[in-house]
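A.B. asks: Below are the chains, spelled out letter by letter.
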Amino acid sequence: NAGVTQTPKFRVLKTGQSMTLLCAQDMNHEYMYWYRQDPGMGLRLIHYSVGEGTTAKGEVPDGYNVSRLKKQNFLLGLESAAPSQTSVYFCASSYGTSDTGELFFGEGSRLTVL
Amino acid sequence: SQQGEEDPQALSIQEGENATMNCSYKTSINNLQWYRQNSGRGLVHLILIRSNEREKHSGRLRVTLDTSKKSSSLLITASRAADTASYFCATDKAAGNKLTFGGGTRVLVKP
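If you're matching them up, the sequences are chains H and E in order. Going by the numbering used here, 33 is the number at position 33 of the first sequence; the sequence numbering is gapless. Going by the numbering used here, 170 is the number at position 56 of the second sequence; the sequence numbering is gapless.
Calculated directly from the structure, the hints in this document are not laboratory data. A portion of the hints provided could be inaccurate.
[As the list claims (entries may be wrong)] Keeping only pairs whose Cα atoms sit at most 20 Å apart, straight-line, the calculated SDA-like set for lysine to any residue is: (1) E/Lys207 <-> H/Thr55; (2) E/Lys207 <-> H/Ala56; (3) H/Lys9 <-> H/Gln72; (4) E/Lys207 <-> H/Arg44; (5) E/Lys207 <-> H/Gly101; (6) E/Lys140 <-> H/Gly58; (7) E/Lys184 <-> E/Arg168; (8) E/Lys207 <-> H/Glu59; (9) E/Lys170 <-> H/Gly101; (10) H/Lys9 <-> E/Gly154; (11) E/Lys207 <-> H/Gly96; (12) H/Lys9 <-> E/Gln151; (13) E/Lys170 <-> H/Glu102.
In isolation and in its complexed conformation, chain E is listed as follows (with noise of 0.2 Å):
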């Protein structure tokens, strides 16, 4: 089964709005790291929390991670139509080397 769920599975916004999505976890973690997939392309690396972070920022991005409750959230703001993808969180488990990927939540920016 995969470590981390993405709630929800897809999302369908207009321009100018704000878009979260979750990530959750089963076990303990050395850091989450969140990725975008746009359509059949690789996936490109947007922001890693470690687990002894709560928040973080980037640009437009704000990440947060609740251990106790092994969650995370994404938080794009003030999204824009190139934001259209999809968004996946990975977990480095705490025996490390390597990222397991939940589905991905589907986000479509209307312009």
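Next comes chain H alone, as it looks inside the complex (with noise of 0.2 Å):
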């Protein structure tokens, strides 16, 4: 099983371009999240969704997009990227159950916004 895959790896946009970051899991979790991690920030929560065809904002939403078509795809957008959103991101998905129990992570995306 490769478990939660995430591409690109790096990628280097302009300011005011846009991009979207895939991830992909194969063990057929109900949950998907997109983290980003800043330097001393630990992980700050985008966008998550508890089931296909369902999103929902985490704490830092603004200026991204998700979208959740199909089970094992959760996808992060940005429309129109400001340095801010330099960062590292990660994908994580999970079983899903009354609570939440553990996560598994993609390798993580580094994006850099010039």
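Put the two chains together into one complex; each comes in its own frame, and the hints tell you how they fit.
C.D. replies: See the structure below:
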């Protein structure tokens, strides 16, 4: 099993450009998450999904959009990239029960916005 | 603001010593989890402790939870150079469905 796979792993954008990060999981998990990690800030939740066709805002959703058209995929979009969105982005998934169990993380996507 | 706050921010120990780090949180939780992150890699789940549990062990890891003080500790016994990593606590609030992470403790184990 591949687990959680993120593409691309690295990307450099110019201010104002758009891009999509793709997350795919092969564990049949219901819940999926996008976090960003900045130095000294830990991980902050951007958006999450508790099932196919559903999405919800996390702690820092502004400037991002997401879609969960298929259960195994969770896409994170930046419509107009800003330097403040330079970060490492992590996708995670979990089985999904009455509470949040173990999260399985991808290896991260490092985004630089110039 | 972050739900979980780790202390200390950084820790340097010799191989064979024990490493202890603490996590404090603010609101009621369903569970508290600890994760490890090696440099440049994704996070890996270590252990989950539920709000009705006080202590849990997994190999060389020991986690305690004190809900009255809203705090948890992670103890790594007989540390190894391979334990060098950042350690994060994460809380699942009573409302559920998502984890909130702290800023992490960077642990350096010197051989």
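A.B. asks: Hint by hint, say whether it matches the structure.
C.D. replies: Tested hints:
no., hint, verdict
1, E/Lys207 <-> H/Thr55, "holds, 19 Å"
2, E/Lys207 <-> H/Ala56, "holds, 16 Å"
3, H/Lys9 <-> H/Gln72, "holds, 19 Å"
4, E/Lys207 <-> H/Arg44, "holds, 15 Å"
5, E/Lys207 <-> H/Gly101, "holds, 12 Å"
6, E/Lys140 <-> H/Gly58, "holds, 18 Å"
7, E/Lys184 <-> E/Arg168, "holds, 12 Å"
8, E/Lys207 <-> H/Glu59, "holds, 13 Å"
9, E/Lys170 <-> H/Gly101, "holds, 16 Å"
10, H/Lys9 <-> E/Gly154, "holds, 11 Å"
11, E/Lys207 <-> H/Gly96, "holds, 14 Å"
12, H/Lys9 <-> E/Gln151, "holds, 17 Å"
13, E/Lys170 <-> H/Glu102, "holds, 15 Å"
Figure legend: structure checked against the earlier numbered hints; every hint is met.
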